[in-house]
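Participant: Here is what each chain is made of, one letter per residue.
Protein chains: 2
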Amino acid sequence: MKSFCIGIDLGGTNLRIAAVTPAGERLDTISLPTRLAAGPQAVLDDMASSIRQIVERQNGELLGIGVGSPGPLELPLGVLHHPPNLPGFDGLNLRAELERRIHRPVQVNSDANLAAYGEFRLGAGKTFGVHSLLALTLGTGVGCGIILDDRIWQGMQGAAGESGHGPVDPAGPACPCGARGCLEMYASATAIVRRAGELGISSRGVNGSAAPLTASSVADLATSGNPRARQIFDEVGRALGLSLANLINALDLPLYVLCGGVVAAWPLFAPRMFAVVREMSYVYRMSMPADPSVFEPGKTHIAAAQVADAGILGAALLPLAAGAIEAA
Amino acid sequence: MKSFCIGIDLGGTNLRIAAVTPAGERLDTISLPTRLAAGPQAVLDDMASSIRQIVERQNGELLGIGVGSPGPLELPLGVLHHPPNLPGFDGLNLRAELERRIHRPVQVNSDANLAAYGEFRLGAGKTFGVHSLLALTLGTGVGCGIILDDRIWQGMQGAAGESGHGPVDPAGPACPCGARGCLEMYASATAIVRRAGELGISSRGVNGSAAPLTASSVADLATSGNPRARQIFDEVGRALGLSLANLINALDLPLYVLCGGVVAAWPLFAPRMFAVVREMSYVYRMSMPADPSVFEPGKTHIAAAQVADAGILGAALLPLAAGAIEAA
Numbered sequence: 020m021k022s023f024c025i026g027i028d029l030g031g032t033n034l035r036i037a038a039v040t041p042a043g044e045r046l047d048t049i050s051l052p053t054r055l056a057a058g059p060q061a062v063l064d065d066m067a068s069s070i071r072q073i074v075e076r077q078n079g080e081l082l083g084i085g086v087g088s089p090g091p092l093e094l095p096l097g098v099l100h101h102p103p104n105l106p107g108f109d110g111l112n113l114r115a116e117l118e119r120r121i122h123r124p125v126q127v128n129s130d131a132n133l134a135a136y137g138e139f140r141l142g143a144g145k146t147f148g149v150h151s152l153l154a155l156t157l158g159t160g161v162g163c164g165i166i167l168d169d170r171i172w173q174g175m176q177g178a179a180g181e182s183g184h185g186p187v188d189p190a191g192p193a194c195p196c197g198a199r200g201c202l203e204m205y206a207s208a209t210a211i212v213r214r215a216g217e218l219g220i221s222s223r224g225v226n227g228s229a230a231p232l233t234a235s236s237v238a239d240l241a242t243s244g245n246p247r248a249r250q251i252f253d254e255v256g257r258a259l260g261l262s263l264a265n266l267i268n269a270l271d272l273p274l275y276v277l278c279g280g281v282v283a284a285w286p287l288f289a290p291r292m293f294a295v296v297r298e299m300s301y302v303y304r305m306s307m308p309a310d311p312s313v314f315e316p317g318k319t320h321i322a323a324a325q326v327a328d329a330g331i332l333g334a335a336l337l338p339l340a341a342g343a344i345e346a347a
Numbered sequence: 020m021k022s023f024c025i026g027i028d029l030g031g032t033n034l035r036i037a038a039v040t041p042a043g044e045r046l047d048t049i050s051l052p053t054r055l056a057a058g059p060q061a062v063l064d065d066m067a068s069s070i071r072q073i074v075e076r077q078n079g080e081l082l083g084i085g086v087g088s089p090g091p092l093e094l095p096l097g098v099l100h101h102p103p104n105l106p107g108f109d110g111l112n113l114r115a116e117l118e119r120r121i122h123r124p125v126q127v128n129s130d131a132n133l134a135a136y137g138e139f140r141l142g143a144g145k146t147f148g149v150h151s152l153l154a155l156t157l158g159t160g161v162g163c164g165i166i167l168d169d170r171i172w173q174g175m176q177g178a179a180g181e182s183g184h185g186p187v188d189p190a191g192p193a194c195p196c197g198a199r200g201c202l203e204m205y206a207s208a209t210a211i212v213r214r215a216g217e218l219g220i221s222s223r224g225v226n227g228s229a230a231p232l233t234a235s236s237v238a239d240l241a242t243s244g245n246p247r248a249r250q251i252f253d254e255v256g257r258a259l260g261l262s263l264a265n266l267i268n269a270l271d272l273p274l275y276v277l278c279g280g281v282v283a284a285w286p287l288f289a290p291r292m293f294a295v296v297r298e299m300s301y302v303y304r305m306s307m308p309a310d311p312s313v314f315e316p317g318k319t320h321i322a323a324a325q326v327a328d329a330g331i332l333g334a335a336l337l338p339l340a341a342g343a344i345e346a347a
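Residue numbers (this note's numbering), protein chains in the order written: chain A, 20 to 347; chain B, 20 to 347.
The shape of chain A in the complex, shown without the other chains (with noise of 0.2 Å):
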């Protein structure tokens, strides 16, 4: 008998239920709306009856299920407090709610832990052989995920791999979090539209229309030598390169990863990003590889992701790790 797991990554938009197989191959996905306006308890239940239907068409052996979550999500006991992404959240216990409407255990953890645990296991992670590495995702906002020695390292209360709201520039713009210049307000798909919203930049310079502008219109504007285009994505190489070199002198990992839609731009970005990590981290100074895009044993690299869905591949694999989870 075949035997599989269940990845759900809950969104703000989105709400999907995958088939894993131990070896992380997908082999079913249901994908529904996030029904926010429905509630909680309405979302949960759309989550049960697609963990039920897809054990129905699997018809094999459930290994273990696990839920990606936005933050910020208070771990190891599954409970959501304020979630930006999901209004109306405050204090569920996802976790709990889950198990009580399946009879299974469910384990939980934030979407961006998952993200870097699936690039952990099956993308850059694996290709590079390693055993610890730092996951950025850049998308509507700034994820972080960290493996430390195999195991996601989720600090005390949850809350670690925060970095998408560590301090780039003290003076920067207000960041929804309560800080300035955070991470975040520099290098999302959220910031991009921003910025060039302040630079002047309109949809009508990128296809004519009135479409509203998205970070991948924006690059495409960058790639056809915009320079107002262009330096949005220097800013968003500075940004990274500055929270990596902070990043990289602490924790001294082989392997930092970037994820989610910006990564697309890398060719933007880059230059800029790898320029400030030099100057900034006498640690990667140490440890540069000679090719930044060629691994070497020993060396600190900078890779973008490469497995699609690493979140929800993660979620449904964390599960099958014993010990996969190490808090402060």
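No wet-lab data here; the hints were simulated from the structure.
All values derive from a computational prediction rather than experimental measurement.
Hints may be right or wrong, so weigh each one.
Take a look, some chain B residues computed to stay more than 12 Å from chain A by CB distance [claimed, not checked]:
(1) Leu46
(2) Leu55
(3) Pro186
(4) Leu202
(5) Thr209
(6) Thr242
Each computed DMTMM-like pair below joins lysine to aspartate or glutamate, with the alpha-carbon atoms no more than 20 Å apart [claimed, not checked]:
(7) Lys21(A) <-> Glu93(A)
(8) Lys318(B) <-> Glu93(A)
(9) Lys318(B) <-> Asp169(B)
(10) Lys318(A) <-> Asp168(A)
(11) Lys145(B) <-> Glu217(B)
(12) Lys318(A) <-> Glu93(B)
By construction, the Cβ of each residue, glycine as well, lies at the ideal position given by its N, Cα and C atoms.
Starting from the structure of chain A, add chain B where the hints point.
Facilitator: Structure of chain B alone, referenced to chain A:
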């Protein structure tokens, strides 16, 4: 028969060798100048003969030997790479050279990691009952050591915890490490003296003599109300706050300990430090203790060191803890 360990603190100025009980009580110390001019072999000979003296004087069972050295120190190998505070020691395999002389296994680690380990085993870490902490040592430079789940996190090449060289302000003063605006350029004793010079504070203002200014005399001036001296410690607090915000957001540990001579000026820099951490780290705000000076389980604490000379005690205790070191 009583048993003891030997801890060695190899500094740029002094070489100290101590016998320490397994419980952390110091039995005996030999202090020598570090004979830098005579070269590394002479310093190693001094170490070896002091070890022999202590063994003879203690007349008990020697349980292990640990050495703390300034970095950069490649670990686990124990090789020094251009250590700025030990000129002439580049390429020296401290561990192998000492083992060759005394015919016993030796553990070598960075002075900052061992200060963190000493505070973990005998100081604030023990008082607070935590398994993880980060210690910043504010001395001539700024060192940093990280304990995660009872083990020193030394990173891939032994360079973890170089947060003294994490960028605080990329437009700040040039640091000998090659970067600009590192934490060390604001929060070390050296930086305090440099800033005093820049702000026109003379030693005559402190004590009427022409003795050179020290961080301690600048602190005295600040305590007596000198506004420029107060500004300097405000800048120390701001830089520490920004670095700690980054580290707290990345690691979510229960305890951050400040060690080293500059910590005597705690009342001068701590108010600004706490204000900046509160402002810049939402992870800290999630778990802020009601009173930062009172320990509360589950909260994030920033505290002054509780052990004098944690580094040499940490060096002595290191060989006793199997698996006390974790590498990336």
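Participant: Just checking, Pro186(B) versus chain A, shortest CB gap more than 12 Å?
Facilitator: violated, 5 Å
Participant: Take the C-alpha atoms of Lys318(B) and Glu93(A), compute the straight-line distance between them, and say whether it is at most 20 Å.
Facilitator: holds, 13 Å
Participant: So Leu202(B) supposedly isn't at the interface. Is its beta-carbon more than 12 Å from every beta-carbon in chain A?
Facilitator: For Leu202(B), whose nearest Cβ neighbour in chain A is about 9 Å away, the distance does not exceed 12 Å, so it is violated.
Participant: Holds or violated: are the alpha carbons of Lys318(B) and Asp169(B) at most 20 Å from each other?
Facilitator: OK: Lys318(B) and Asp169(B) at ~18 Å, within 20 Å.
Participant: Measure nothing beyond the straight line between the CA atoms of Lys21(A) and Glu93(A); if it is 20 Å or shorter, mark the hint as holding.
Facilitator: Answer violated: Lys21(A) to Glu93(A) is near 34 Å, above 20 Å.
Participant: When you look at the beta carbon of Leu46(B), is every beta carbon of chain A farther off than 12 Å?
Facilitator: At about 34 Å from chain A, Leu46(B) clears the 12 Å cut-off, so the statement holds.
Participant: Taking the shortest Cβ-to-Cβ distance between Thr209(B) and chain A, state whether it exceeds 12 Å.
Facilitator: Non-interface label stands for Thr209(B): nearest chain A Cβ at 17 Å, farther than 12 Å.
Participant: Does the claim that Thr242(B) lies off the interface hold, with its Cβ farther than 12 Å from every Cβ of chain A?
Facilitator: At roughly 27 Å from the nearest Cβ of chain A, Thr242(B) sits farther out than 12 Å, so the non-interface label holds.
Participant: Would you say Leu55(B) is clear of chain A, with no C-beta pair closer than or equal to 12 Å?
Facilitator: For Leu55(B), whose nearest Cβ neighbour in chain A is about 22 Å away, the distance exceeds 12 Å, so it holds.
Participant: Need the status of pair Lys318(A), Glu93(B): alpha-carbon distance at most 20 Å?
Facilitator: Holds: Lys318(A) and Glu93(B) sit about 13 Å apart, inside 20 Å.
Participant: Check whether the Cα positions of Lys318(A) and Asp168(A) lie no farther apart than 20 Å.
Facilitator: Judged against 20 Å, a Cα distance of about 17 Å means the pair holds.
Participant: Check the hint pairing Lys145(B) with Glu217(B) against an upper bound of 20 Å on the C-alpha distance.
Facilitator: violated, 40 Å
Hint compliance for this structure: hints 3, 4, 7 and 11 are not met, and every other hint is.
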